[in-house]
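Spelled out from the first residue to the last, the chains are:
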Amino acid sequence: MAARALIFYRDSILQNQNQINQYQDRINEFKAIVQQLLDEAARQGASAAEAALSVDNGLTASVRLGEVETVEHHCDQGLGVTVFFGRQKGSASTNDLSPASLADTVRAACSIARHTSGDEYAGLPEAEDLATECVELDLYHPWQVDAEQALQVAKECEDAALAFSAEINNSEGATVNSHHGVRVFGNSLGFLQGLHSSRHSISCAVLAGAGDRMQRDFWYAVARDPERLQAAREIGEKAAARTVARLDARSIGTRQCPVLFAPETAVSLIGAFIGAVSGGNLYRKASFLLDALDKQIFPDFVRIDEQPLLPGGMGSAWFDAEGVATRARDLVSGGVLRSYVLSSYSARKLGLRTTGNAGGVHNLMVAANGPDFAGMLRLLGTGLLVTELMGQGVNRVTGDYSRGASGFWVENGEIQFPVEEITIAGNLKTMFQQITAIGEDIDYRGNIRVGSILVERMAVAGN
Amino acid sequence: MPILNQVKQNILHGRQLDTADVERVMASLLSAPVDFADIYFQCSHFESWSLEGGLIKEGNFSIEQGAGVRVVSGEKTGFAYSDILELPQLLAAAENVKAIVRHGQNGRVKVSSFAAPERQALYAAANPLLSLPDQEKIELMLRLDREARRLDPRVEEVMVSLSAVYEQVLIADSDGGLAADIRPLVRLNVSVIMQENGRREQGSMGGGARADYGFFFEEDRAMDYAAEAVRQASVNLQAGEAPAGNMVVVLGPGWPGILLHEAIGHGLEGDFNRKGTSAFSGRIGERVASPLCTVVDDGALPGRRGSLNIDDEGAPTRRTVLIENGVLKNYMQDKLNARLMGLPQTGNGRRESYAHAPMPRMTNTYMLPGEHAPEEILASVQKGLYASNFGGGQVDITSGKFVFSASEAYLIENGKITRPVKGATLIGNGPDVLTKVSMVGNDMRLDSGVGTCGKDGQSVPVGVGQPTLRIDGLTVGGTSV
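Line by line, the protein sequences are chains A and B.
Each residue of the first sequence is one higher than the last, beginning at 1 in our numbering.
Each residue of the second sequence is one higher than the last, beginning at 1001 in our numbering.
These aren't lab readings, by the way, just hints derived from the structure by calculation.
Predicted model only: the values in this text are computed from it and were never measured.
Built from N, CA and C at the ideal position, the CB exists for glycine as well.
Hints are supplied without guarantee of correctness; some may be wrong.
What the hints assert, rightly or not - Sample of chain B residues with no beta-carbon within 10 Å of chain A, all distances over it, derived:
id : residue
1  : H1013
2  : A1126
3  : K1137
4  : G1177
5  : G1214
6  : E1219
7  : D1220
8  : M1223
9  : S1234
10 : K1329
11 : P1369
12 : D1472
Stated by the list, open to error - Pulled a few chain A residues facing chain B out of the computed Cβ check, cut under 7 Å:
id : residue
13 : V68
14 : H73
15 : A92
16 : S93
17 : I112
18 : D119
19 : R213
20 : Q215
21 : R250
22 : A286
23 : M390
24 : R403
25 : N412
26 : G413
27 : Q416
28 : Q433
Make the full structure from the sequences, and use the hints.
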């Protein structure tokens, strides 16, 4: 029998009402270290500098076939500093927070800056773009769970998967993850702020069938607040249902047909769009959406907006990776690209103003115009439903798209049989124009919230 | 044992630790009834430089250090790590992990160095960051930028990245072993974007090795990367629609060996096979490839990106035959899975860093050469696809389905390469793709040292290789239906 009941582990999370106060103390302590780094950079002659310090604590507990498999304790710390000597820039980082190491790290950054080229666009953000208004975003909800309890949750999840169907005959296990941390960022323009946040997840992967018929699938939930996680049992059942549904998958003949991307795969289409309108790829001319600002790139019903201040959102932040204030805005409305995704550097290169996206986007919402999932299947009619994508296969420069896929063949809105060992191909520019509906079956788990996406026509290669 | 002493000096003594402290941490781990335990100390220095728009835009230097402690009991693993290399933190980490097993006996281990005979080191124990003055690193990158632009005026943008890692590891295990390694790793990459009549395409080439920066100056390698990136971009500018459907595919030598990594390599890692979750589970001794195919994993090749003197559990790396004349021979193992399966360790226990627990991973995985000249292989194909360069790949271990994405490909018509086609993803089934290998070239080549493999969130450098191969049916994911 498992030694599960005999595990004694007390999380380092402070378990009382003083928690928030203590975290505030910690942020203040970290702010002092970041200020020291900035002072040291000035002392070593840097004309400007920015520095960050982060600490992340966590627990990972997994169970496989009812037995404890792993218990891992995570504790990561790191600091990084970027210095500017006029328009020359250098960076250094370390996980050694000792005073001697701080000075050494700044020295390493300064030494690098002496070798980089003067770049007229390099430098800190404009002072007026820096965030000044602190917003409480409700991102910090530590989970009062110790290893034993985490294992219990994992076991409940896996048990539900194993009990779901007689076809489920093996498991990769269920895992519970709980992380919480603090990040402090400052620069020599006087910006110095900290954020604490938490992130919890439950995942499960199980198998069915044997030999050539064997299949595996998984499901997961992730949230800032453990109370908002989908129930462990439901995650297990969903993983099992997905696995069983894949049994006896087969390839289909090469053809052109409509393709419905289930929400968990539709996210990657929006991700490719974000990559193509990101400043770094635009000024390098490494994007298939060069000069697309104010142009129609999606059908008119498509609206994509960014909501960085969403309480509890996975992508929420009131300042970006360089201290710039984030702002809610439309990226796409009426199908027209309204704004790029820029940091202050890429904005300067393009002659534009930063959009507060150094470090990425913050909660993208893709508006639905279509029905729920069953309704989307009816809109698909006869075609391919894609529930998993494999490989990279996206050329950011040309938009050429070719990826491995698995999913289901659908006729007259009804799922017929599971499909695997096929590819789907097209070009993202055309695929975006050929989106005919976006479902209201929105996947709320990640930084990009989108329902299933129906694309009118793609090339499917099979047997 | 100069390496062991050097690493002990740098990692332990520099922080007021000594082998007696390591023994105390180990004794604490062994105060629970574990099957085995280990402590992994690591100190890494890393630098990277990047050029774009003709400017040296960024440089970064970082130092990471820490120690991971692990106990294993049956199938259970307890793992924790500390960024702070001081005795109280290490003892606290040990206290945390051993809770995974019942309290029990007292264990005490005296650490000594491994008794295994030291073999010739596979790479020099030197710090590659210091192998070239910073100014010369910069000059190399600027020269590559100029060279790429000189080679073809259609080149619009050049991006160069140069990086090096100097990693020292010290591994103590509960058998009393103490082993160390010093692992240099360098990497250089050149990417270009080329424009003609409004159409843009990219080309990219790079390489690397467990060596110092001198590697890029030998045989004019760096300049060749620039030329190759330009050549690829110009081929892609001519590329038409790729075909869609099942067809004969000829894979070029070298990096296309990513086929082996995805189609069979991952499926032969010990953990998946112990758990019975791999499409190859329980198939040792069975035919899984045509008799023309012999595939090995070899972590003991001198200087290769995927090579290690010892794996991250202290076991010497070696050559493991995975498939011999088409028959499945061995899995790749770390300590935990080898023990549970009753099979020998193969030196494949690897981890991304001290903050990650080890698991079975590939090193350099490649197919041995066959008899055919590559021209003969192409001449044998009436209609098909020749793919000579790839991006990445992915595999579903359980169903065996794998993909890898061609970044340079051509149509073969009547035994001849006729015209370039756009990149496309190729998809197949791991357990039967190699049964369709009907010709194997005599031009076996390892890749240029660019591979990174990701598994369960952990990245490690790997190598692949193969000769030219003819595969009698693989699904090509083009757009031309």
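Cross-check of the supplied hints:
no.: 1; hint: H1013; in the structure: holds, 16 Å
no.: 2; hint: A1126; in the structure: holds, 19 Å
no.: 3; hint: K1137; in the structure: violated, 8 Å
no.: 4; hint: G1177; in the structure: holds, 23 Å
no.: 5; hint: G1214; in the structure: holds, 19 Å
no.: 6; hint: E1219; in the structure: holds, 27 Å
no.: 7; hint: D1220; in the structure: holds, 24 Å
no.: 8; hint: M1223; in the structure: holds, 21 Å
no.: 9; hint: S1234; in the structure: holds, 14 Å
no.: 10; hint: K1329; in the structure: holds, 20 Å
no.: 11; hint: P1369; in the structure: holds, 28 Å
no.: 12; hint: D1472; in the structure: holds, 13 Å
no.: 13; hint: V68; in the structure: holds, 5 Å
no.: 14; hint: H73; in the structure: holds, 4 Å
no.: 15; hint: A92; in the structure: holds, 4 Å
no.: 16; hint: S93; in the structure: holds, 4 Å
no.: 17; hint: I112; in the structure: holds, 4 Å
no.: 18; hint: D119; in the structure: holds, 5 Å
no.: 19; hint: R213; in the structure: violated, 9 Å
no.: 20; hint: Q215; in the structure: holds, 6 Å
no.: 21; hint: R250; in the structure: violated, 11 Å
no.: 22; hint: A286; in the structure: holds, 6 Å
no.: 23; hint: M390; in the structure: holds, 5 Å
no.: 24; hint: R403; in the structure: holds, 6 Å
no.: 25; hint: N412; in the structure: violated, 23 Å
no.: 26; hint: G413; in the structure: violated, 24 Å
no.: 27; hint: Q416; in the structure: violated, 19 Å
no.: 28; hint: Q433; in the structure: violated, 15 Å
In summary, the structure is inconsistent with hints 3, 19, 21, 25, 26, 27, 28 from the numbered list given earlier, while agreeing with the others.
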